[in-house]
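Visitor: The residues making up each chain are set out below.
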Amino acid sequence: MTIPVLLFSLVGMGLFYSQNLLLFPQVRLHLLGLFLFYVGLRPSFPLAFSLALVLGLLQDSFAATPFGLHLGASLLLVGMARFCRRRLLLQKTGPLIIASVAALTLQETGILLILMIQGFQPFILSGLTSFQGLEILATAALAPLMAALVVGLENILRRHGWRAERSGE
Amino acid sequence: MRPQTRFRTSLLITATLLLIISLLSLSVKRSPILEKVEGVVVSLAAPGLQGLHYLGSAISGIWEGYFNLVGVQRENAALKRRLDEYAQKEVRYQEAQQTLARLESLLDLKKEVALPVVGAHVIAYDPTLWSRCALLDQGQDQGVRRGQPVLTAQGIVGRIVEVYPHYSKVMLIVDRSSNADAMVQRTRVRGILQGKGGNRCSLGYVPKSADVQNGDLVLASGLGGVFPKGQVFGKVTGANKKTPGVFQEIEVTPVVDLSALEEVVVVKVVNLAASP
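First to last, the sequence lines map onto chains A and B.
In short: position in the first sequence from 1, add 61, done, that's our numbering.
In short: position in the second sequence from 1, add 3, done, that's our numbering.
Treat the hints loosely; a few may be bogus.
[Unchecked claim] Just so you have them, the derived chain A footprint on chain B, three or more residues with Cβ under 8 Å:
#1 48-62
#2 77-85
#3 120-132
#4 170-179
[Stated by the list, open to error] Derived contacts from chain A toward chain B, CB cut-off under 8 Å, selection only:
#5 Met74
#6 Gln80
#7 Leu82
#8 Leu118
#9 Thr126
#10 Pro127
#11 Leu130
#12 Leu132
#13 Leu136
#14 Phe144
#15 Leu176
#16 Gln179
#17 Arg220
Everything labelled a hint here was simulated from the structure, so no lab data went into it.
Just so it is clear, the structure is predicted and the values come from calculations on it, not from any experiment.
Here a beta-carbon is modelled for each residue, glycine too, at the ideal position from N, C-alpha and C.
Starting from the given sequences, assemble the full structure and let the hints guide the process.
Guide: As structure tokens, then:
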């Protein structure tokens with residue numbers, strides 16, 4: 062389990078770096094969130110859970126928001142992905158994109174809610190902007206690419222004898 | 004779902020919720036353990052970012068410096084730097100003139116210039132929407148401490164909120180948690196500069212009777228003891244008196260481009276009010 066977590070974490074870190082060095086501040090795509098959502102949709106729950114911990118910690122360490130905020134948001138995303146996997150049986154691209162939009166929106170709302178409870182954000186609606194909505198839609202449009210990336214990484218691991226553990230489902 | 008699996012899922016959800024709530028509570032109380040965890044994660048992740056940042060800068064430097072308009076770019080950069088210096092000098096000159104006019108003989112600009120500083124490179128930003136902060140490549144080992152102000156030649160950037168052995172985190176003035184005592188240069192009206200996220204701030208608690216106009220410079224008043232007096236926060240880009248209540252709504256845009264910071268200086272004094 063260590064090697065898959067390491068590999069996926071490295072890819073996640075690569076996405077974080079590219080977001081930081083190439084996209085910021087012009088574009089704020091939720092690449093890490095989308096990546097995590099697609100890992101969550103795959104069979105291995107321990108992998109998705111561990112990855113949510115690693116990426117949540119990474120984002121929390123680089124932010125000035127309360128520690129644990131992004132960690133919670135990442136775990137929420139994995140929870141959403143597991144729900145979608147079990148209840149909606151997502152297979153086609155269209156529903157996958159819609160599910161991504163719903164999950165990312167829920168994640169943003171969750172973050173806003175925690176920030177509001179902790180007094181960092183005055184009102185929930187003042188934080189939600191149309192610009193943010195567009196960012197989520199643009200991120201969700203990358204869903205097929207992200208799904209291919211996750212499946213590709215799994216295939217690499219399978220060639221080296223990895224089998225997805227389904228515990229926790 | 005089997006009962007055993009259902010029990011395990013419920014246990015996992017409860018444990019996760021407890022973990023998150025505990026972390027958030029510890030974070031609010033500024034737990035040293037969390038700071039250490041944060042420090043370890045930053046120390047592990049930042050060198051990669053730093054390396055890529057330098058590599059990117061080197062490649063773009065080679066491209067722009069040698070292949071694309073050799074010499075012109077350098078000259079342009081030098082002229083821009085000089086222009087920035089003159090703009091800053093102009094602000095200081097006006098500030099000094101007003102101070103002299105009010106016979107404030109106690110103002111000692113030399114003291115301001117003589118503050119100990121350390122230069123730092125910005126190596127990363129928080130790319131999320133929820134906070135505005137940046138990571139510097141100078142930390143505790145270089146004398147950086149929490150609360151120290153961070154400046155550029157154009158004006159104020161923010162203040163240090165977390166310090167790790169070789170890195171530090173600066174909360175930018177536009178972060179929603181950022182507050183600072185400020186004043187309008189032209190009329191000396193004071194208020195509290197609050198970050199509004201994105202790239203804007205607001206000057207709060209300014210009465211409607213106060214004269215504030217678009218284009219007015221907003222400076223640090225020096226009263227908070229964090230930012231050096233007279234340093235520039237930004238320019239007034241909107242003043243609205245047609246709001247309910249006794250205060251007007253003033254929007255301030257930072258003079259520093261906080262999304263494209265490269266080199267900054269950290270003033271190595273935590274409490275300027277208490278410094279000699």
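Visitor: Hints first: check each against the structure and report whether it holds.
Guide: Verification of the supplied hints:
Here's how the segment 48-62 of chain B fares: 6 of its residues keep a CB closer than 8 Å to some CB of chain A, so the rule of at least three is met and the hint holds. Given as covered by chain A, the segment 77-85 of chain B fails the check, having 0 residues with a CB less than 8 Å from a CB of that chain where 3 are the minimum. Counting residues of the segment 120-132 of chain B whose beta carbon lies closer than 8 Å to any beta carbon of chain A gives 6, which reaches the threshold of three, so the coverage claim holds. A count of 4 residues in the segment 170-179 of chain B with a Cβ less than 8 Å from any Cβ of chain A is obtained; the coverage claim is therefore met, three being the minimum.
For methionine 74 of chain A, the interface hint holds, the least distance from its beta-carbon to any beta-carbon of chain B being 7 Å, beneath 8 Å. Interface restraint check: glutamine 80 of chain A against chain B, minimum CB-CB distance 5 Å, threshold 8 Å, status holds. For leucine 82 of chain A, the suggested interface contact is upheld, since its CB lies about 6 Å from the closest CB of chain B, less than 8 Å. For leucine 118 of chain A, the shortest C-beta to C-beta distance to chain B is roughly 5 Å, which falls under 8 Å, so the interface hint holds.
At a threshold of 8 Å, the smallest CB-CB gap from threonine 126 of chain A to chain B is about 5 Å, leaving the interface hint in force. For proline 127 of chain A, the shortest C-beta to C-beta distance to chain B is roughly 4 Å, which falls under 8 Å, so the interface hint holds. The interface hint given for leucine 130 of chain A is met, as the beta carbon of that residue sits about 7 Å from the closest beta carbon of chain B, less than 8 Å. For leucine 132 of chain A, the interface hint holds, the least distance from its beta-carbon to any beta-carbon of chain B being 6 Å, beneath 8 Å.
A least Cβ separation of about 5 Å between leucine 136 of chain A and chain B falls short of the 8 Å threshold, and the interface hint therefore holds. Of the supplied interface hints, the one on phenylalanine 144 of chain A is violated, with its beta-carbon coming no nearer than about 11 Å to a beta-carbon of chain B, more than 8 Å. At about 7 Å, the closest approach between the beta carbon of leucine 176 of chain A and any beta carbon in chain B falls short of 8 Å, and the interface hint on this residue holds. Using the Cβ-Cβ criterion of 8 Å, the hint placing glutamine 179 of chain A at the interface with chain B is satisfied: the shortest such distance is roughly 7 Å.
A cut of 8 Å between beta carbons decides the hint on arginine 220 of chain A: the least distance to chain B is about 26 Å, and the hint is violated.
In summary, the numbered hints that this structure violates are 2, 14, 17.
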